[in-house]
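Please take these sequences and the hints and turn them into a complete structure.
Number of protein chains: 2
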Amino acid sequence: MEQMNDHQYFIQEAIKEAELAVITGDGEPFGCVIVRDGKIIVRAHNRLYIDYDPTAHAETVAIRLACKQEKSLILKDCIIYASAQPCPMCSTAISACGAKEVYYCVPGTQIQEAFSQITNFEELGLHPKQFLRREYPCTHIHNDEGLKVINSYFTSKKPK
Amino acid sequence: MEQMNDHQYFIQEAIKEAELAVITGDGEPFGCVIVRDGKIIVRAHNRLYIDYDPTAHAETVAIRLACKQEKSLILKDCIIYASAQPCPMCSTAISACGAKEVYYCVPGTQIQEAFSQITNFEELGLHPKQFLRREYPCTHIHNDEGLKVINSYFTSKKPK
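Top line first, the protein sequences correspond to chains F and L. Count the first sequence with our numbering and you get residues 1 to 160, in order. Count the second sequence with our numbering and you get residues 1 to 160, in order.
Warning: the hint list may mix true and false statements.
[As the list claims (entries may be wrong)] Residues of chain F placed beyond 12 Å of chain L at every Cβ, according to the derived structure:
1) 13
2) 37
3) 143
[To be verified] Have a look at the derived ranges for each label pair, beta carbon to beta carbon:
4) L/115 with F/8: 36 to 44 Å
5) L/68 with F/24: 15 to 23 Å
6) L/152 with F/23: 48 to 56 Å
7) F/71 with L/24: 43 to 51 Å
8) L/100 with F/77: 21 to 29 Å
9) F/76 with L/114: 32 to 40 Å
10) L/68 with F/114: 41 to 49 Å
No wet-lab data here; the hints were simulated from the structure. Given the structure is predicted, the values throughout are model-derived calculations rather than measurements. Each residue gets a CB set at the ideal place from its N, CA and C atoms; glycine is no exception.
Written as structure tokens, this is what we have:
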């Protein structure tokens, strides 16, 4: 039997967090895990609705949790796995915390199709590798479940 | 005697918050106030060091506080006054919360000169008016105190 590689495993864990956001109604359908030395140190999902916080995107929530936990502003040995391509806000936060690498599942263009009001990042010159302080490597990992969760959000009962 | 206009008054209040960040050692020298109907509803300064939170920029902290206070993700009747030009992260947060307008004091280029590691926003195509969801009007207000506070940060004792 073919063994699932680490990247697919952690991307699935990020997608599970996105599912949790939908099931709980805590926020929009996005999830994230932060990994150090092959172990998840933080899991988080979007908390827009439960926190009344427009900045509570999965990656930003995860970075806040991890930094608080580590009592550090820097996460340089960490890899971030996100169920979808980080937005400009989260990309800047990722860049600021110095995470080593990012893997994401659903590309920005597909998020844009689902959330029709969101502007195309590339069109605005907001390439995810180009943000404050430094670039970071950002790799797309395909997984069918990623987009499925986003679509499920639009058919689920939303709290607002 | 010439009366100080509203914009200068609120920009000075934002600069006072930036001074507080330096005096307390809570974070980097940036401050912000959020105004509705001519009244300050929230004041905040950068809290990087005290919160161990790389996303705790003044504008992002202020938006979080205001949204929690208003129990809303939207601040559409609000004006944001920032002691310095919002970074890409804060600009996206401002755009997401739908604030009506932004006034800032120290331009990004001058912040860049002070914090030499920060990349030029324009160079990266990160014009502050171009972010997620929608553009917002963003106006520069000159005030000599703005840059003075940033420079005082580098001569003060920093906690880390």
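Point to revise | Violations among the numbered hints, reported as their numbers in ascending order | key: 7, 8, 9 and 10
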